[in-house]
Amino acid sequence: MSSPTPVRVQRTIRGMATSDGAGVRLTRVIGGPSLPDLDPFLLLDEFGTDRAEDYIAGFPSHPHRGFETVTYMLDGRMRHKDNHGNEGLLTPGSVQWMTAGRGLVHSEMPEQESGQMRGFQLWVNLPARDKMTDPKYQEFAPERIPVTAPGDGVQVKVIAGQVGEVSGPIVQPATDPVYLDITLAANARWEYTLP
Numbered sequence: 024m025s026s027p028t029p030v031r032v033q034r035t036i037r038g039m040a041t042s043d044g045a046g047v048r049l050t051r052v053i054g055g056p057s058l059p060d061l062d063p064f065l066l067l068d069e070f071g072t073d074r075a076e077d078y079i080a081g082f083p084s085h086p087h088r089g090f091e092t093v094t095y096m097l098d099g100r101m102r103h104k105d106n107h108g109n110e111g112l113l114t115p116g117s118v119q120w121m122t123a124g125r126g127l128v129h130s131e132m133p134e135q136e137s138g139q140m141r142g143f144q145l146w147v148n149l150p151a152r153d154k155m156t157d158p159k160y161q162e163f164a165p166e167r168i169p170v171t172a173p174g175d176g177v178q179v180k181v182i183a184g185q186v187g188e189v190s191g192p193i194v195q196p197a198t199d200p201v202y203l204d205i206t207l208a209a210n211a212r213w214e215y216t217l218p
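For the sequence shown, the working numbering gives the first residue as 24, with consecutive numbering after it.
Bear in mind the hints are in silico, worked out from the structure with no lab data behind them. Among the hints, erroneous ones may be present.
Said to hold, decoys possible - Distance ranges between label pairs, derived from CB positions:
(1) Thr35 / Glu136: 20 to 30 Å
(2) Asp43 / Lys154: 18 to 28 Å
(3) Asp157 / Asp43: 19 to 29 Å
(4) His85 / Trp213: 22 to 32 Å
(5) Asn210 / Ala45: 35 to 45 Å
(6) Asp98 / Asp43: 15 to 25 Å
(7) Ile79 / Leu217: 14 to 24 Å
(8) Ala209 / Arg31: 18 to 28 Å
(9) Asn210 / Thr28: 16 to 26 Å
(10) Ala211 / Asp98: 21 to 31 Å
(11) Leu207 / Pro86: 33 to 43 Å
(12) Ile36 / Met155: 26 to 36 Å
(13) Pro59 / Val201: 37 to 47 Å
Stated by the list, open to error - Lysine-lysine pairs mimicking DSSO-like chemistry, simulated, CA-CA at most 30 Å apart:
(14) Lys180 / Lys154
(15) Lys104 / Lys159
(16) Lys104 / Lys154
(17) Lys180 / Lys159
(18) Lys104 / Lys180
Because the structure is a prediction, the values reported are computed rather than measured. Each residue gets a CB set at the ideal place from its N, CA and C atoms; glycine is no exception.
When you get a sec, could you build the whole thing from the sequences and use the hints?
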């Protein structure tokens, strides 16, 4: 087995402050002018504030088609509903993986009137052969997301993909994703070889 090639940081990208939905303030990292094209990653937004006026209007009903959205909640409560009868409540540590496929209409609305609302949403382009697939909704509470400690001072929540013998709960053969939440203690090191 060959040793992994170290990855060097080529450049640092600053997210762009913007708003989406009905005025939710967020920071766009992928999909803005600094990093417009990173297919299959179409967009990466970070939302995080304790000011209710920055998120309370939420994301009323809107359409998607041909890609997937991955929402990872760190703080707060957000309700998902779509026109295919799927409904779920995202809470801290939970993940929603929605395949829009041939199309759906959904909403994501806060279920709180105050306090911190924080998380990430990633949009993943589907391959051309899968753009017209049936819509699919997967939601996982934090207790369904396995956690492993592959080294001293290293904790990894395996949302999708595999770390050692630990596999994440997300099943999506179209994009074969790896999505990890990695926490490193001061001076800890960990190497991970992408599949």
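Comparing the hints with the structure gives:
1. Thr35 / Glu136: 20 to 30 Å: With a Cβ separation near 36 Å, Thr35 and Glu136 fall outside 20 to 30 Å, so the hint is violated.
2. Asp43 / Lys154: 18 to 28 Å: Cβ of Asp43 to Cβ of Lys154: about 22 Å, so the range 18 to 28 Å holds.
3. Asp157 / Asp43: 19 to 29 Å: holds (26 Å)
4. His85 / Trp213: 22 to 32 Å: violated (38 Å)
5. Asn210 / Ala45: 35 to 45 Å: The hinted range 35 to 45 Å holds for Asn210 and Ala45, with Cβ atoms some 44 Å apart.
6. Asp98 / Asp43: 15 to 25 Å: Holds, since Asp98 and Asp43 (Cβ atoms, about 18 Å apart) stay within the stated range.
7. Ile79 / Leu217: 14 to 24 Å: Violated - the Cβ-Cβ distance for Ile79 and Leu217, about 39 Å, lies outside 14 to 24 Å.
8. Ala209 / Arg31: 18 to 28 Å: holds (22 Å)
9. Asn210 / Thr28: 16 to 26 Å: holds (23 Å)
10. Ala211 / Asp98: 21 to 31 Å: holds (24 Å)
11. Leu207 / Pro86: 33 to 43 Å: holds (39 Å)
12. Ile36 / Met155: 26 to 36 Å: About 32 Å separates the Cβ atoms of Ile36 and Met155, which means 26 to 36 Å holds.
13. Pro59 / Val201: 37 to 47 Å: At 23 Å between Cβs, range violated.
14. Lys180 / Lys154: Holds, because 29 Å separates the two Cα atoms, which is no more than 30 Å.
15. Lys104 / Lys159: Roughly 12 Å between the alpha carbons, so the hint for Lys104 and Lys159 holds.
16. Lys104 / Lys154: holds (21 Å)
17. Lys180 / Lys159: It holds: about 23 Å lies between the C-alpha atoms, which stays within 30 Å.
18. Lys104 / Lys180: Holds, at roughly 26 Å.
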